[in-house]
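Protein sequences, first through last, are from chains A and B.
For what it's worth, our numbering labels the leading residue of the first sequence as 1, then goes sequentially.
For what it's worth, our numbering labels the leading residue of the second sequence as 1, then goes sequentially.
I should point out that these hints are in silico values taken from the structure, not numbers from a laboratory.
Incorrect hints may have been included.
Stated by the list, open to error - Here are some of the chain B residues that sit facing chain A, going by a computed Cβ distance under 8 Å:
1) V125
2) M134
3) D138
4) Q173
5) P178
Glycine residues also receive a C-beta, built at the ideal position from the N, C-alpha and C atoms.
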Amino acid sequence: MSVTPSPIQSAIWRWCSVLVAVLAATMAAVAHADGGRTPKPAVTIANPGQCIAPVDEMRRNHMDMLKHQRDRTLRQGIRGEKASLNACIECHAGKSTGSVLGKDGFCESCHAYAAVKLDCWDCHQPKANYRPAVGVKP
Amino acid sequence: MSERDFLGAGPVDSGRRRFVGAAAAGVGALTLAPGIHLVSAAQRPAGEPASSTVRWGMLIDTTRCASGCDACVRACNEENGITERVSDPRQASQWIRKIELRDRQTGRQLSLPMMCQHCAHPPCVDVCPTGASMKRADGIVLVDRHICIGCRYCMMACPYKARSFVHQPLTQQNPEVPRGLGCVESCTFCVHRVDKGQTPACVEACPEKAMVFGDLKDPNSEISRRVAQVASTQVRADLKLGVGVRYQGI
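Use the sequences and the hints to build the structure in full.
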């Protein structure tokens with residue numbers, strides 16, 4: 001025995017499918033306009049030039065480069081290595097802030113996007129060409 | 001323990017001693033005139049690690065150190081970015097400090113700067129639970145802040161009270177001297193300057209030229225000739241730490 005839907009049931013189904021289609025189209029348009037739910041990091045390079053390695057390699061391996069370099073420099077006293085945090089800052093500090101930190105800072109914006117906490121700057125100076133203030137100690 | 005133990009850690013076999021002697025003779029060939037060397041003040045080439053053929057040390061002539069003068073302390077603070085204001089003066093970082101001494105029996109007074117003595121056998125390195133407190137091959141004792149957990153055991157172990165703890169967040173660091181909250185710190189012999197072939201800031205700033213910095217293993221260096229000629233002493237020599245800083249006139 002077969003059941004034929006009543007005219008009212010058919011109308012409801014038709015309206016529901018139209019509604020779903022419209023919603024999906026709207027969400028896709030919004031997502032496309034914003035580039036996703038999370039804002040993309042601001043990768044602006046203040047002093048463009050030749051980095052020490054291609055972009056792909058730097059994005060994937062910069063933390064390893066810096067970690068190995070820091071141990072060699074501090075514990076063995078090796079200076080003038082290819083990777084160096086101060087050299088990063090010289091090129092990548094923002095023009096307006098002079099720093100790699102801040103909302104659009106090269107380091108902080110990307111690390112905020114990737115949700116990776118940075119503690120380099122607890123000790124290291126994030127500003128390029130920074131000269132400490134002199135004679136303010138009481 | 002030999003009397004020349006401040007040159008480095010532990011006993012040295014005679015073969016290595018002969019090699020060091022030969023290397024030193026090679027260095028001596030580059031001496032232009034007494035007191036002028038091509039090698040001693042040279043910058044270590046990029047990529048080359050600190051070598052145990054060098055032992056950095058300091059000789060401080062307390063007879064020339066003026067009471068009330070703190071030029072070395074100010075130079076140190078400026079060089080190493082120790083500019084923060086602290087709420088409690090007991091928490092202030094002291095990489096170097098001036099000490100006034102008085103002999104109760106004779107009334108003789110003297111003044112001297114006290115800082116990390118860069119021991120050959122550093123107690124701070126012995127007690128460090130993480131390996132952050134370390135001695136470099138050329139005898140400079142440093143804190144690796146990357147792995148320092150701020151337990152302050154080294155501050156307790158140091159007989160010279162040479163170490164300080166940073167109690168507050170810092171923002172005014174010298175780019176070449178990273179330092180920050182939650183880590184222990186002390187005199188580094190201005191390692192960033194020494195690696196460039198310069199002398200520590202305090203040595204350069206002393207108006208009386210009472211401090212001499214150099215390589216104790218190089219027989220032609222000024223400091224080696226001075227310690228061979230004048231009477232100098234180690235502070236708390238009874239602890240047999242083989243310190244790298246020696247004092248004259250105490």
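Verification of the hints:
1. V125: Given a least distance of 12 Å, the restraint on V125(B) is violated.
2. M134: 6 Å, holds
3. D138: Holds: closest Cβ of chain A sits about 7 Å from D138(B), inside 8 Å.
4. Q173: 5 Å, holds
5. P178: 4 Å, holds
In summary, the one numbered hint that this structure violates is 1.
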